[in-house]
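These are the residues of each chain, in order.
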Amino acid sequence: MTFERVPATGTASPGYLERLTKIWETEPGILGWFSSVDHKEIGIRYIFTAFIFLALGGVEALIMRVQLARPDQHLLTPEQYDQLFSTHGMTMIFLYAMPILSGFSNYLWPLLLGARDMAFPRVNALSYWLFVAAGIFMYTGFAMGAGPNDGWFNYVPYANKEYNPGLNMDFYALGMIFLGISTTVGSVNFVVTFLRLRAPGMSINRVPIMIWGTFTASVANILVVPSVSLAFFLLWMDRNFGTHFFDVSAGGQPLLWQHLFWIFAHPWVYAIVLPAMGMVSDALPVFCRRPLVGYTAVVLSTLATMTLGFGVWVHHMFTTGLPTLALSFFSGVSIIIAIPSAVAVFAWTLTIWLGRPVITTAFLYFASMIVLFVIGGVSGFMTGSVPVDWQLHDTYFVVAHIHYVLIGINLFPVIGGLYFWFPKFSGKMMNETLGKWSFWTSFIGFNVAFLPMHLTGLLGMPRRVYTYPAHMGWDTLNMVTSIGAFVFAIGIVLTFINVLVSLRSGRIAGPNPWDAPTLEWSMSSPPPPYNFAVLPTVASRHPLWEQRLGDSHGTSTLDEGFTLDDKRETIGTTALDSEPDVILKMPFDSPAPFILTVGTSLIFAGMLIPSRLWAVTAVGCLVVIAAILIWLWPERELGQRVESSQ
Amino acid sequence: MTPLSYLTGYGTKAYPVTALTWGLLIISIVVVVIVTGLVVVGVITRRVRPETPLGEVPVDRRGSGLGLLGVGVGISTFVLMISAVWTMAVIAKINAPPPGQKPLVIEITGGQWWWKARYLNDDASKVLTTADEFHIPVSRPVRIELIGADVIHSFWVPALAGKTDTIPGQTNETWLQADKPGRYRGQCTQYCGEQHAHMAFYVIAEPPAQFEQWLKDQLQPAVAPTSPLIAQDEHVFVEHCGACHTVRGSTAGGSVAPDLTHLMSRQTLAAGMLENTPGALAGWIAEPSAVKPGTKMPDLYLSGPQLSAVTTYLETLK
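As given, the protein sequences belong to chains Z and G, one line each in that order. If you read the first sequence in this note's numbering, its first letter stands for residue 9, the second for the next number, and so on. If you read the second sequence in this note's numbering, its first letter stands for residue 49, the second for the next number, and so on.
Note that these hints are calculated values from the structure, not bench results. Beta carbons are placed, not taken as given, at the ideal position from N, Cα and C, and that holds for glycine. There's no promise every hint is true.
Taking CB as the label site, the calculated pair distances span [as the list claims (entries may be wrong)]:
no. : chain 1 : residue 1 : chain 2 : residue 2 : range
1   : G       : ALA338    : Z       : PRO534    : 57 to 63 Å
2   : Z       : ILE452    : G       : GLU99     : 21 to 27 Å
3   : Z       : LEU70     : G       : SER173    : 56 to 62 Å
4   : Z       : ALA583    : G       : VAL81     : 43 to 49 Å
5   : G       : VAL89     : Z       : HIS561    : 32 to 38 Å
6   : Z       : ALA583    : G       : ARG110    : 29 to 35 Å
7   : Z       : LYS169    : G       : SER173    : 38 to 44 Å
8   : Z       : MET245    : G       : THR219    : 24 to 30 Å
9   : Z       : ILE452    : G       : VAL81     : 16 to 22 Å
10  : Z       : ALA626    : G       : ASN143    : 54 to 60 Å
11  : G       : ARG231    : Z       : THR441    : 53 to 59 Å
12  : Z       : ALA16     : G       : ARG110    : 38 to 44 Å
13  : G       : PRO101    : Z       : ALA16     : 37 to 43 Å
14  : Z       : LEU70     : G       : MET312    : 40 to 46 Å
With the rest of the complex left out, here is chain Z (with noise of 0.2 Å):
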């Protein structure tokens, strides 16, 4: 039995339109938007919750702040400054750096891509229902009492239950495995939605380079995650069924858990940086007029930093007395993935030497980007050095660095993202002069409170310290930090503000006003549910440019296509030379990933104490079963057929 069906071409008229309209609408009322599996609708609560998530985590680190704005300060106790500093930890890193990233690529990949989903809309959702599940979950610990406070990293011995006996590293350690099964369903989506759904003609050499950022961040987090998962799993087993993994005393051993941790840990700080410095590829040469320089250098690069990114994790060890010969191997490895970022670095700087910069909000976020990245980035070649990093390591100055990569490669990039994405996102203009104010502010403030801060650390201020002696040469420079966080949470702030402003007044933006290259500026802004009336044909890497840049290899055409409209369908195209290949039938909108999350809430709230709330994880394992029965009932109107409605 085939099922084989030439997909008919041709442009868009009112009635089609209206027609694809209806099969892709998201349903009005409550049950629509539970059962939501529109990619576009999954991304925008991906960005606001990674912002929720920002916001809580930044008013952590101001209460720390304040703690340490003097020594010998008493406004926390011990126990609550080390909840506050693990659970920033934790909110920044797993609960904001990555699913913020998530949230820009799962809105623009098919916009990206030339394709009306993501391969599997089902489980975008479902990575989303998990993420914020998960975050919720999290939090309970932390409102509860019992967040984390072992540090984000939660080294044993002092998370095993004989030093940690309350619920505290429970909630976390099942939070974390939670958390990743988001992380990793979502992750097989964008691989195979890469592999797949790219437009007909967009080879890999015409990929924006955030798609290549975000699908090599998703094939490291499907190999690295399991490492972190297995981690926590054996860690709760020791917790809770009296295993000796971690426990010295039987055998087990504590370096175990750093290299199950940090074989994960260093290879996600890549995962959290790689799709924003793709995002960083893709915008700035926007506002230089110009292509970006050295394409093909920068995703080999981006390739290349995730490939070393897999053997650098003992640098986070060496001072634990692992042979020297081995600090050696790591050691010359952190020196050498400088290389690929000099490449990105030199790339950008050139773009901007080799165009006309337009100096928009969006462009002072992503220009700044460059500074910072190489401060974050030089900090880490220092650490890199054994010698060297046996005196920096656990000092201010790591905590310096860690906020230059995670901030200046994170956040600068995602706000510039949002400024420069939000028309598209919205149909509204954000605000340039509140924009300015908060760039300004926000760059300011940034840099007064972490620059500073490397001196802090080469003057031998320890990390995850709730106070501090005086007369240690560290007053003046907390002080400093202190208010540059303030000013920085100001100017973070003034964003927000200007997102809301912008919302309610802001100028129309029209389809491209930016008049940028890529297929999402091909469309209304916002864009319609269905994306792309008809499917685009992609001749270069800048569709909307190429007539102007006078690429030579044919020409892209937007407005006419393959028009499918019977019920949800994309074209899936082949792997490296994106010719079409099948009629992908896309699911319809369905409240299973939501049930199926309700379910796996159960399952691990009933591990937290396993002996007592068994039957709640027993009752989550049947919800679980009940929604994938729902997923995946067959349904004939998935199934392809030869005779179309046409």
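Please arrange chain G on chain Z, whose structure you already have, making use of the hints.
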């Protein structure tokens, strides 16, 4: 210099590391200045008039830039390679103490939240146990064997040597050497719980003769009570504190807390947190949890006379 700075080294092991740290720091600063300059000058010289709509600025390829990209990456690679080689050379240099002198060997145990030291010696009667302040001779390498008592801690004396963790279940080794006499602050740098912030210690480097004298004095048991009153005080101390603390020469023989045999020879209390003054000592004993919340030293709710007996006795432990 501030107590925990490592921008200046004071010993054979520290010198090459300090040089490397400064070297990489200067390279880093130069790189940041160059790239920042390139970005700022690039933006200023190449920008179009502000507020120009993007659509009015023509789009153009204007050169591939690949040659310059290659130059930039090439220079970066060269600098990185030099840094890597320099790093390897320093690792090789400081991997072991210079041959020639027999190192002093100290076994140091990190526990929540204090440091225990045992000066090892083949002659068991010459093994000294002390806490939080470690005297060493100048210009002689000191080999340090690190043991984790409970959770992971990290041993760090920035002016003399980088960090090495104390990990339960394994013995890590490091070494250091002070070439100038002085009092060098050390600090736990691996997060280890509530009082991680106050887990300091001091390494006191002295001329060899002075060090030998110190070692000899420390090996002596505590002086026996010189009056019946002090003997009574000792009794109160042993009764309340003896289960955890040792005072050699008395019947206090606990081993989970610092050895107090020569407490008054130390400059600080409570892992480097308090100056060793009678007031601080009394305050610390009266309510440890107020001074260091979370500390393993219990609040004993001693009565006024008991407290004064214990402190009076401790003050005799010269």
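Here is what the structure says about each hint:
About 59 Å separates the C-beta atoms of G:ALA338 and Z:PRO534, a value consistent with the hinted range of 57 to 63 Å. For the pair Z:ILE452 and G:GLU99, the beta carbons lie near 23 Å from each other, so the given range of 21 to 27 Å is met. As the Cβ distance of Z:LEU70 to G:SER173 is approximately 57 Å, the hint placing it in 56 to 62 Å holds. Under the hint 43 to 49 Å, the C-beta atoms of Z:ALA583 and G:VAL81, about 44 Å apart, fit the expected range.
Taking 32 to 38 Å as the suggested C-beta distance range, the pair G:VAL89 and Z:HIS561 conforms, at roughly 35 Å. At roughly 34 Å, the beta carbons of Z:ALA583 and G:ARG110 sit within the given window of 29 to 35 Å. Taking the beta carbon of each, Z:LYS169 and G:SER173 are about 41 Å apart, inside 38 to 44 Å as hinted. In this structure, Z:MET245 and G:THR219 meet the distance hint of 24 to 30 Å, their C-beta atoms being roughly 28 Å apart.
Distance hint check: the CB atoms of Z:ILE452 and G:VAL81 are about 18 Å apart, consistent with the given range 16 to 22 Å. Checked against the hint of 54 to 60 Å, the pair Z:ALA626 and G:ASN143 passes, with Cβ atoms roughly 56 Å apart. Roughly 57 Å separates the CB atoms of G:ARG231 and Z:THR441, a value that falls within the hinted 53 to 59 Å. Between Z:ALA16 and G:ARG110, the C-beta spacing of about 42 Å keeps the proposed range 38 to 44 Å intact.
A hinted range of 37 to 43 Å holds for the C-beta pair G:PRO101 and Z:ALA16, which are about 39 Å apart. For Z:LEU70 and G:MET312, the Cβ-Cβ distance of about 44 Å falls inside the hinted range of 40 to 46 Å, so the restraint holds.
Every hint, counting from the list given before, is met by this structure.
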